[in-house]
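Participant: This is what each chain is made of:
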Amino acid sequence: MLEDAIRRVREREVPWNELRQAGALRRIERARAAPRRPPRRVPLLVMAGACAAVACFALWRGRVHHVIAQGTATTAAVAIAPETSETILRLADGSIARQAPGAFVQVQAVEEERTELLQTLGTVHYEIAPNPRRRFVVRAHDVDVNVLGTIFLVDVKPLAVSVHVERGQVEVAQQGRRVTLAAGEGITFETSGAGFGAIAPRIESGGSGPSQRPGAPESSPPIRTRAASPLPRERMTEASSPLLFLEQADRARASGDLDGAARALRELLQQYPNDTRIALAEFVLGRVESARGSHVEAVRAFEACVARGPGGALGEDALAEWASARSRSGDAAGAASLAQRYLATYPSGVHRRAMQRLIDGEH
Amino acid sequence: MAQPVPQQIHNDSEEVLLAQLASGSSQAFVEVYRRYARYVATIGFRLLGDDSELDDLVQETFMQVSAGIDGLRDPKGFRSWLATIAVRCIWRRRAQRRRRQLLRKSLGVLGLSRSDPADRRPVDDLYEQLDRVPERCRLPWLMHRVMGETLPETAAACGVSLTTAKRRIAEAEARLERSRDA
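From first to last, the protein sequence lines are chains W and B.
Counting from 1, one number per residue, gives the positions in the first sequence under this note's numbering.
Counting from 364, one number per residue, gives the positions in the second sequence under this note's numbering.
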């Protein structure tokens, strides 16, 4: 009986044909082409243990933060916005970090007086809830962005960090050097090579690429200061026109069209005399005029920039550029006077050697 | 339709073919699949008792072949190694089936699992009786008695020693005999 059943089973034709064989092969090849997932061979017990450990850790963390924050919720919630594929990180204080696909932000600390985020890659748009008692820092490579309450964007690339401010003010620091950015301003730090504190910044010059500032070591990595690029956000339309002029000027400078860059900048100065980016536009115009060889025009532009009292690196750079432009225009006495003003204002400034040379009568 | 395989690979010895497969050759993989897909399907059909999961089984087995070919020390043992992978996959699928059956029973959902024409009756009866044999005995018994694999091949495919394979086959045989006598 048993032998008969075995014989019948053996005699049964295997329902496997060319069609099934080809279909299975197609699926196998698709699966082989797809990125491999890690094998799912973690024993159930280990997984259960890991889940329990994570739950305990989360509870412990929550309790610790609860104590630190004296009753305020401190945990962050993460959500995916399906319409934009952004990952939205909501902090308990109401601040929001919208991470573009591929971006990565890690919460380092959320405390009553200090919030620290570490951004290692990609573009993140921050909306920070104002809180003067709390220090809010975004760290990206060796760049720290200190915030009081503002909207800004940080773009981290392997060798550069860009910061663009939409609203409010941020202070950006890299190795002891600090730059304050106002709404509409942006800055790019190159993060490779020597530290910021030991170098002189280089600001993009028209057409011929970045030029080394006097007194700066040869090996200094450049720091580019420029207006914020138009951001892919609807809320930026309010500030789009001045930005468009700045972008137009940037593009013209990049293509060597210095006349076009100067035209765009003058248009901006004429149409938006009260815009927050005017000081920056004056500064860039000064650089463009210097590159064109119009040193008198450059002097005027840098003077106008300094007159607007820009803070941070822009103010320092503008004063040094003004002095240098005066020197190039043939006004040695005026250049020396401005150089002395620079040294008095920025005794350890990055242009001090160049300014000293102007005072000493060297060119 | 299966992809055409170049004549060169078509004629290669198994050793050369497996060496090419280990070096990541897609053509070698297709040729290995062409040579052994039916063998895996046969193991699956005989051990599972039906063809409902045959395609998935063949796919899963060859995916594991693709991932683990680097670990194959002796190319001569490829067929046995392939059978071992297939049996492991069947083992998992059988376990899933048992859980599903248990769930169906607990929910009171019981339906016909297969047709019952007169000429299939002995076959269906045998698989029903085999369902009552422990899995550790069922698979070696099927590999040896139905698939016709030798005892060492069966032991290797089931991942047990020869003695254990013999003992389990004998245990399955005894259970089946008792079941039939009853």
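These are computed hints drawn from the structure, not numbers from a lab.
For every residue, glycine included, the Cβ atom is placed at its ideal position computed from N, Cα and C.
Hints are supplied without guarantee of correctness; some may be wrong.
What the hints assert, rightly or not - Chain B regions said to be covered by chain W (calculated; three or more residues, Cβ under 8 Å):
#1 400-409
#2 415-426
#3 505-514
Unchecked claim - Distance windows between CB atoms, simulated:
#4 B:GLU491 with W:VAL107: 50 to 60 Å
#5 B:SER524 with W:LEU121: 23 to 33 Å
#6 B:LYS439 with W:LYS157: 49 to 59 Å
#7 W:PRO15 with B:GLU498: 32 to 42 Å
#8 W:LEU121 with B:SER415: 38 to 48 Å
Participant: Is the hinted range of 23 to 33 Å satisfied by the C-beta distance from SER524 of chain B to LEU121 of chain W?
Facilitator: violated (52 Å)
Participant: Does the hinted range 50 to 60 Å hold for GLU491 of chain B and VAL107 of chain W at CB?
Facilitator: Given range 50 to 60 Å: holds, Cβ gap about 59 Å.
Participant: Are there three or more residues in the segment 400-409 of chain B whose C-beta lies closer than 8 Å to some C-beta of chain W?
Facilitator: holds (count 6)
Participant: Is 32 to 42 Å a correct range for the gap between the Cβ atoms of PRO15 of chain W and GLU498 of chain B?
Facilitator: violated (23 Å)
Participant: Does 38 to 48 Å hold as the CB distance between LEU121 of chain W and SER415 of chain B, or does it fail?
Facilitator: holds (46 Å)
Participant: Do three or more residues from the segment 505-514 of chain B put their C-beta atoms closer than 8 Å to C-beta atoms of chain W?
Facilitator: Held - the segment 505-514 of chain B has 3 residues with a Cβ nearer than 8 Å to chain W, which meets the minimum of three.
Participant: Given the hint of 49 to 59 Å, is the C-beta distance from LYS439 of chain B to LYS157 of chain W inside that range or not?
Facilitator: holds (53 Å)
Participant: Between the segment 415-426 of chain B and chain W, see if three or more residues pass the 8 Å beta-carbon test, and mark the coverage as holds or violated.
Facilitator: holds (count 6)
The structure fails to meet hints 5 and 7 from the earlier list, while all remaining hints are met.
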